[in-house]
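S.K.: Now for the letters of each chain:
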Amino acid sequence: MQTQTFELNMGPQHPATHGVLRVVLELDGEIVVKATPVIGYLHRGIEKICENRTYVQSIPFTDRMDYLSGMNNNLAICQTIEKLMALEIPERAEYIRVITAELNRIASHMITIGVLALDLGGWTGMVYCFRDRERILDLFNSLCGARMTFNYIRVGGVGWDLPEGWLDECRRFLKDLPEMLKTYEDLISGNEILQMRLKGVAPLSAERAIAMSASGAVLRASGVDYDVRKANPYGIYDRFDFEVPLGTSGDNWDRFYLRYLEIIQSARIIEQALEQIPEGPVMAKVPKMIKPPVGEVYHHVENPRGDLGFYLVSDGSPKPYRWHARRPAMINLQLLDELSRGTFIADVVATLGTLDPVLGEVDC
Amino acid sequence: MNTNQDILLTIAATLRSFLDPLLGNPDVVDVTMYGVALAAILGIIFGNAVILVWAERKVAGYMQSRPGPNRVGPIGLLQTVADTIKLITKEDIRPKGVDRWVWFLAPVVLFVPTLAAYAVFPFSEGLIAVDLNIGLFYFLAVASTVTIPFLMAGWSSNNKYSLIGGMRSVAQMVSYEIPLVFSLIGVVMLVGSLKMSSIVEAQSGIWFIFLQPVAFLIYVIAATAETNRTPFDLVEGESEIVAGPMTEYSGMKWSLFFLAEYANLFAVSAIATTVFLGGWQPPPMPAVMRDAVAFIPGWIWFAAKTYFMIFLFMWFRWTFPRFRVDQLMSFGWKVLLPLALANILVTGVGIYAYRIAIGG
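Here the protein sequences line up with chains Z and D, keeping their order.
For the first sequence, the residue numbers in numbering that gives the first Met the number 0 are 0 to 363.
For the second sequence, the residue numbers in numbering that gives the first Met the number 0 are 0 to 359.
Incorrect hints may have been included.
To be verified - Pulled from the structure, derived: some chain Z residues nowhere near chain D, Cβ distances all over 10 Å:
(1) 27
(2) 50
(3) 130
(4) 181
(5) 184
(6) 229
(7) 273
(8) 296
(9) 344
As the list claims (entries may be wrong) - Per label pair, the in silico range of CB-to-CB distance:
(10) D:340 <-> Z:32: 58 to 64 Å
(11) D:348 <-> Z:33: 50 to 56 Å
(12) Z:191 <-> D:61: 19 to 25 Å
(13) D:61 <-> Z:136: 21 to 27 Å
(14) D:34 <-> Z:27: 50 to 56 Å
(15) Z:39 <-> D:340: 51 to 57 Å
(16) D:347 <-> Z:35: 52 to 58 Å
Treat the hints as calculated values from the structure; they're not laboratory data.
Values in this document were obtained by computation on a predicted structure and should not be read as measured data.
Where a beta carbon is used, it is the ideal one built from N, C-alpha and C, also for glycine.
Could you put together the complete structure from these sequences and hints?
M.R.: Written out as structure tokens, the structure reads:
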């Protein structure tokens, strides 16, 4: 019997492409021969825009890159600018930064877990993840009046001090977190169908992961022990005791479950930070007009999606000469074709879910 | 069985005695009564769909710790009515390039076997449209044709998502038809009849769910696949192939698919009730209590059990993720089918041993 492959256009309007990603699938029946991600539907030219803004004005734009982890992005750009200016940050601000960044990591991973469950047909799992994430967003809302686009971490510290009772609310959340994780275990990760769907599918070897410059959970699922918080500690991360969970085979299950484990580690970091947080100012003495000395700087942090880096070139003027972001989701997404070949259509959805691109960052 | 007459049967008898002198010829009266039964079944299907759509959303809300529909009418009961009005008034879009007649006929044809299957449901003692001597076989034969309209819709839509969905539906329904049929054979062997009323009456002592637990399990799994509900909703698979065969349908045509889904859900639940849960009979209980609940008509028991089964299916839907197409196939052929065959063997040996034991 003579058969032929056919092309299926998945996206940009498709329920499972996490925004406006388009994947052109070449299919042999249900089996994927080739998957080509077509990106750029959400391109806003953030890099170029930021080169025409002052340094401080570029912070809100990072909120709109990876919109699920705004705090981490704020942290990355602010630390890059501070590195360029050689600025010292008050202790309390450092702790607030760690707490908010790790809370944001938990919120982001909850979305990843929940949306993957949704992509695999499990509606209810998604609802519970989103419900619990709302607790974190409420915390952020009371902190800075925004749920996702925070602009809270500023050059020299944070925008303002924590509101009254915020730390207690945060402690209450951490107290409830184990129960939430138990729910996810029961409803999502403990489900045999879900495990069947993910285990052994789309494995990624450590060599290929490194060669493709993958980072974050995608890299660590393949067994590579690389977490910027450990490998190249920024801020005050060297003060905390936490582990970097590692996978073995780099399949969809490892990539998925690693995020579950990372939530636990993030909670550990927050607990330690809540114990150690000192009183004091939250903002360093920063000039009203930031004019960093001539030079260039690269700084990277561990964003929920991977190794987020910023490269800034200063010509001494109030605006950066070059503003570039190394976007982990964009780089991880390049693995989609390689991982999807030979799997089923349904697996493309799952692989996309475990690679976890946020299109705001991919297209930037 | 009991002395107090069922209210629905009374109505039917009154209607017949009213029609008898009016029409004269008993054959004409029979045909008219079939018409009444058909109208009643249509009423059940539509009324049921209204309740089930609402119930599904309420159940989903309950599972997901949210209230569900609660704005239109008391506790959201009129939500389905509002939805229906919305669907009817929606534009009926016919995309370019569809195979016009096949595309138009698919949702209509889908509804026919579903409707036909209702003819043999024993809602209560004597309350059955046609008590065929091959009732169960008739149901299976009619229900298996549901595959065709899905393929028609998938093929004629001229859309790749629809086509994949249509192909999936054929593979899935044909594969799960076989364990479904085999799971019912055990019961048929015990009863020795395919007649629905005999099957129910045979369970007056003990329900067949206790004699055939494995068959019940296989039936529930295969029925979930037959109705295309999670974890077997590959045909629709909204995160993979958008909506499968229904992708290109809108307005009333789409809602016919929707209606048929709920009618099918009720159908498989009703068969589970009839075959495994004792049909219209109250649960096994001491004679004293039996007399105490004798005033409850059989169709109430039937409805209660059927809705319990429907709740079970809804529970599956809102907690399980979806299978992948190869896993679906291997589960059907490598697990369910051998299990169903083994169940038939064990049932046969059991019946033989029982006959020897009682010296038959």
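S.K.: State for each hint whether it applies.
M.R.: So, going through the hints one by one against the coordinates:
1. Residue 27 of chain Z, annotated as away from the interface, keeps every beta carbon of chain D farther than 10 Å; the closest lies near 12 Å.
2. A cut-off of 10 Å between C-beta atoms confirms that residue 50 of chain Z is not in contact with chain D; the least separation is 39 Å.
3. Distance to chain D contradicts residue 130 of chain Z as a non-interface residue, since its nearest Cβ pair spans about 7 Å, not more than 10 Å.
4. Look at residue 181 of chain Z: its CB is around 15 Å from the nearest CB on chain D, clear of 10 Å, so calling it non-interface holds up.
5. The beta carbon of residue 184 of chain Z is kept farther than 10 Å from every beta carbon of chain D, the shortest such distance being approximately 14 Å.
6. For residue 229 of chain Z, the requirement that its beta carbon stay farther than 10 Å from each beta carbon of chain D is met, with the minimum near 33 Å.
7. Separation of residue 273 of chain Z from chain D is adequate, the least Cβ-Cβ distance of about 28 Å exceeding the 10 Å criterion.
8. At roughly 42 Å, the least C-beta separation between residue 296 of chain Z and chain D is larger than 10 Å, which holds for a residue marked as non-interface.
9. The Cβ of residue 344 of chain Z does not lie farther than 10 Å from every Cβ of chain D; its closest approach is about 5 Å, which violates its non-interface assignment.
10. As the Cβ distance of residue 340 of chain D to residue 32 of chain Z is approximately 37 Å, the hint placing it in 58 to 64 Å is violated.
11. The supplied range of 50 to 56 Å is met by residue 348 of chain D and residue 33 of chain Z, whose beta-carbon atoms lie about 53 Å from each other.
12. Judged by the Cβ atoms, the range 19 to 25 Å given for residue 191 of chain Z and residue 61 of chain D holds: they are separated by roughly 24 Å.
13. In this structure the hint that residue 61 of chain D and residue 136 of chain Z lie 21 to 27 Å apart at CB holds, the actual value being about 24 Å.
14. Restraint check, residue 34 of chain D to residue 27 of chain Z: a C-beta distance of roughly 52 Å satisfies the suggested window 50 to 56 Å.
15. Restraint check, residue 39 of chain Z to residue 340 of chain D: a C-beta distance of roughly 55 Å satisfies the suggested window 51 to 57 Å.
16. As the Cβ distance of residue 347 of chain D to residue 35 of chain Z is approximately 56 Å, the hint placing it in 52 to 58 Å holds.
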